[in-house]
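Undergrad: Spelled out from the first residue to the last, the chains are:
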Amino acid sequence: MPSTLFHRAAALLTTLMLSGVAAADWTQRSAENMRPGVTALSQDVYSLHMTVLWICTAIGLLVFGLITWSIFAHRKSKNPVPATFHENIVLEVVWTIIPFFILIGMAIPATRVLIHMEDTTEAELTVRVTGSQWKWHYEYLAYEDDNNVGVGFFSNLATDPAVWERPILSGGLFPVGSARSRVGAEREALSAENPNTFNYMLEVDNKLMLPAGQKVRFLITADDVLHSFWIPDFSVKKDAIPGFVNESWAKIPDDAVGIYRGQCAELCGRLHAFMPIVVEVVPQDEFTAWLEEQKAASAEGPDMTPFADLDEAMAMGEPIFQRACAMCHGAEGQGGIGLPLAGTDLMNNSDRVQENIDILVNGRGAMPSFRAQLSPKEIAAVINFQRHAFGNDGGDLIQPDDVQQ
Amino acid sequence: MSDHHEHHAPTGLKRWLFSTNHKDIGSLYLWFSFIMFLVGGLMALVIRTELLYPGMQVVDPDFFNQMTTVHGLVMVFGAVMPAFVGLANWMIPLMIGAPDMALPRMNNWSFWILPAAFALLLSSVVLSIFADGNPPAPNFGWTFYAPLSSTYGPASTDFFILSVHMMGISSIMGAINVIVTVMNMRAPGMTMMKLPLFVWTWLITAFLLIVVMPVLAGAVTMVLTDRHFGTSFFDAAGGGDPVLFQHIFWFFGHPEVYIMILPAFGVVSAIIPTFARKPLFGYASMVYATGSIALLSFLVWAHHMFAVGMPLAGMLFFMYMTMLISVPTGVKVFNWVATMWRGSLTFEVPMKWAISFVVLFTIGGLSGLMLAFTPADIQYHDSYFVVAHFHYVLVPGAIFSMFAAVYYWLPKWTGVMYDRFWGEMHFWNSLLSVNLLFFPMHFVGLAGMPRRYADYALQFADYNFWISIGAFWFGISQLFLLWVLIKACFLKKGEKATMEVWDNPEGLEWTVPSPAPHHTFDTPPIIK
Ligand SMILES: [Cu+2]
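Respectively, the protein sequence lines represent chains A and B.
The UniProt record's numbering numbers the first residue of the first sequence as 1 and each following residue consecutively.
The UniProt record's numbering numbers the first residue of the second sequence as 1 and each following residue consecutively.
You may find that some hints are simply not true.
[Said to hold, decoys possible] Simulated pairs of lysine-lysine, DSS-like, Cα-Cα distance not exceeding 30 Å:
#	chain 1	residue 1	chain 2	residue 2
1	B	Lys14	B	Lys528
2	A	Lys295	A	Lys251
3	A	Lys207	A	Lys295
4	B	Lys487	B	Lys14
5	B	Lys14	A	Lys76
6	B	Lys487	A	Lys78
7	B	Lys14	B	Lys496
8	A	Lys78	A	Lys207
9	A	Lys251	A	Lys207
10	A	Lys295	B	Lys194
11	A	Lys76	B	Lys496
12	A	Lys251	A	Lys215
It should be emphasised that the hints constitute simulated quantities derived from the structure, not laboratory data.
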C-alpha cells in the first residue's frame, strides 16, 4: 500500500511540475491528492502537506522495509536459532531523539504557515457568511471605503431534488468509469434535460462574487446548527457557529479569475451534503460594477407588482416551493421534517390565511423564517402555490401587499 | 493449580446470568462484542451501499445520518471496548496468577448492563426502520455535537443519552475491577516490572477510563438538561457556547482513542515474541511509552477542533503536543520491529494478524501525524482523509489485534486449535479487503470529499465504488471468523491443543491445561 501512495504522489508531483500550479479551475480537480489551490496561502498549505507526506512515506518505507526484510531473512527456516537480545539503550535513545528532531524540523514551516493563515487584518472586502439548514447566506458588509454596502442574498443548491433522489437501486447516475473520463471535459450547464452534468451537486443558484487581487475577509456564523465553510482552493475552512462569529480570509491573485467550489464540512442534519459553495472570482472593475448594480437593485426596494391571476402566482410559486420548502415538506406536500401541507385545515381554511403568512414570515419552532430569504412577492407566490397545489383549495389569491404588513 | 474442588456451578441460562466467574464473563463480553461488530458492520454496509454510486440510491439522507451515527456508537462502545474488557477478564487473572477478578459480582453487573444499554439504543433504530425513518434514530454523528443533538436532536436522543450513561457505568466498573485485581492479586513474586505488557497496557487504560468516562457522562447530561430542563450550556441564545460541547466531548474523546488502542499494543507485544521465539525488545521502554502516551492524551484534545476558531496560541500548543505524542508511539513500533529482528519467525495465523497490525497501524499513525499539522489539517479536517485515518487505527489496528488475540488464545479457551484453513481465509480476505476499503479513502479525502456525506460530487465516483466493493468483501470475510468460532467453541472440533499450545510461549496462562479449567490458580504460583 505505501508504494501505491508513493507512486501516486510521485506522478502528481510530476504533473504539477509540468503544468505549473495552474489547477485554477475546478475542472482540473485531482481525484487523489490535495489541490494546491490558487492563493499563496493554499499553495503554502499544499507544500506543507507534500513535505509531511514525503517524510511520512519515507518513515513508513523504512519501517516496512525492515519488517519485510525480517520476514524473509529471519524466518525459522533461514534462522533456526533466534538471537536473545532484548534491549539496547543506545539504540532506544537514538530512535527517540531522531524523530524528535524531525518533528522540530517540520514544526517550523507549519508554525509559519499557521501564523499567516490566522492574520485576517487589512481586508478590503468583508463578507458575512451565514450557514443555515441547508443553504448559505452571503452579505457584503464593507468594501474599500464603503462601510455600509448592504447587499446580500441566499445561495441554494441548484440541482433539482428529482435528479438526486433516485429510485431504489437504480443503476446510479453514472456508470462506473465514466466520471474519470469527464475530468477536464467541457462543463455543461445544469438543466432539467441534462442532469448528468459534471458539476452535479456543486451548482448553486446565486454564486458568491469576489474580486481578484483584493484581500477578502469572511465573517462566518450560523443560524441554527453548526456548519463549516470550506473552499479547498483558498484553503479556507472555518466552522459556522450559531451565536458566534469566526474569521477567515482569502486573497485571490489577479490571474486566478474563475469559478471555485466547496461544500459544507460539518454535519448539519439531513441535507448536509446538499449545501455547496460556489465562488466566482472576477476582475476588480467587473466586481465593482456588479456590486453597484446590486446596490441599486436593493435601493429600489422589492418588486411589489400584484399578480394578474392565480396562474401567474402558481407558476412563480412552484419552483420556489421545490427549492426552499420541498426538502422539509416533501415535493408533494406530504410532510417529512416539516408538517404535511396536503389537505390540512390550515391550507384549506380561508380564515387561516393570515396564520399561514405569519408562519412563513416569522417562522415557528423548527420552521425557519423566510423574511430575509424571500421577497414579499416570492412569499406571496409560494403561499398561493401551497394553498392551491396538492389538492388544496385555500381561498383567495394573495398579493405581495398582503405579506408586506 | 489444583482443580479438585471444582464447584457444582449452575448450568444453562442461570450459569450465564448469575456468573461471577471471570472466564464465563469474559466469554460473554467477547460474544457480545462480536455480535455488536456484526450489527455495526451491517450498518456500515448500508452506508457503503448508498455510496456505491453518486445520487441517492437506497435510503433517505436522514436515515444515512442515522446509520453513520449508530454505526460509530455500536463499533466504539459495543464492539471494540467490550472486546478488550472481555479479553481482560479472561486473561488478566490467568496472566498474573490470580484465581479470579477482584470484584466478581460487580463484574457480572458491569457486563449485564451492556445488553440493556444497546437494546435501548438499537430500539430507536428498529423503530425508525419500521416507521420509515420518522421518528428518526440518533442522527447527529457519534460525536453528537450540540446543538444538532440538543436543541435539534430527535426524540430518540434521550434513549441515546440514557444508553451512553449505562455504557459509561459499565466501563467504569470494568476499569475499577482491572485496577483492583492488578494491584492486589498478583501472584507472589510478580513485581510490577514483571507484569506481562498486556496487563500493563490494560492497567493504564483502566485509569484513562476512570478519568474520562465521567466526562462523557457530563457531556450527555448537559445535552439532556439543555433539551428538557431549560439550561443553555450549548446555546448561545441563553449565554452558552456550542464549542464548549466540543471541548468537553474531546476531553473524553481523545483519551478514548487510546483506550481503544493501548490494550491492542499489549496483545501484539504478547504475540510477536512468541512467534519470533525471542523476548520482547525494550520491555521497560514499552511501559514508559504507554504511560507517556496516556499522559499526553489529555493534552491534545483540541486537535479535533482546529476549525472551530481557536486563538493562535491554542492551535500552536495543540499542534506541538500532538506531534509529540507520535514519539512514544514510534518507540513502540520500533520495539516490535526489533523484537522480530533476528528472531526465528514462524507465521501462524495470530502472528499474521500481529504483523499486519504493526504495518497497518503504522499507516494510521503516520496519517495521524499528518493531521497534527494545523494548517494542513484545515484541509484534511472533516474530510474522508480523517475517516481513512481513524479506520486504519481502529480496524486493522484495534480490531486486527483482537483477531490476533482470539486466534492466539482460542486454543487455551476452548481446548482445540482453530480451523487453520478458515483462519487463513479470514486473514487473507480481511487483509486485502480492508485495504481496498480504507486506503482509497485517503485519496477521496485529500481530493476534498467531506465525511458524513450521503451523496457526493462526480470526481469521487470511481474510488467510492471500489471502497464499497472493499466493504462488502470485508463484511463477508468476517463470516469465516464466525465459522471458526462456532467450530471451536460449540462443536469443539479440531486438533486438541496442548498446554503450551505454541512453541515455548512465555506467560502463566500457558501453565494451566487447555481448555483452562473453570477455576485456576486457587493456590497462587510462585514467581522466581
Ligand atoms: Cu451545513
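Undergrad: Each of the hints needs a verdict: does it hold here or not?
TA: Structure-based check of each hint:
For the proposed pair Lys14 (chain B) and Lys528 (chain B), the alpha carbon gap of about 40 Å is over 30 Å, so the pair is violated. Taking the CA atoms of Lys295 (chain A) and Lys251 (chain A), the gap is about 23 Å. The hint holds against a cut of 30 Å. Using a Cα cut-off of 30 Å, the hinted pair Lys207 (chain A) and Lys295 (chain A) holds, with the two alpha carbons roughly 16 Å apart. For the given pair, Lys487 (chain B) sits about 24 Å from Lys14 (chain B) by alpha-carbon distance, which is consistent with the 30 Å threshold.
A C-alpha spacing of about 48 Å is found between Lys14 (chain B) and Lys76 (chain A), which places the hinted pair above 30 Å, so the restraint is violated. The hinted pair formed by Lys487 (chain B) and Lys78 (chain A) fails the criterion: a straight-line CA distance of about 34 Å is larger than 30 Å. A C-alpha spacing of about 29 Å is found between Lys14 (chain B) and Lys496 (chain B), which places the hinted pair at or below 30 Å, so the restraint holds. With a CA separation close to 67 Å, the supplied pair Lys78 (chain A) and Lys207 (chain A) exceeds the 30 Å bound.
With a C-alpha separation of about 18 Å, the suggested pair Lys251 (chain A) and Lys207 (chain A) falls inside the 30 Å cut-off, and the hint holds. Taken as a hint, the Lys295 (chain A) and Lys194 (chain B) pair is broken in the structure, with Cα atoms around 77 Å apart against an allowance of 30 Å. Straight-line distance between C-alpha atoms of Lys76 (chain A) and Lys496 (chain B) comes to about 24 Å, which keeps the hinted pair within the 30 Å bound. Restraint check: the Cα-Cα separation between Lys251 (chain A) and Lys215 (chain A) comes to about 4 Å, which is no more than 30 Å; the hinted pair holds.
Going down the numbered hints, you'll see the structure goes against 1, 5, 6, 8, 10, while the others check out.
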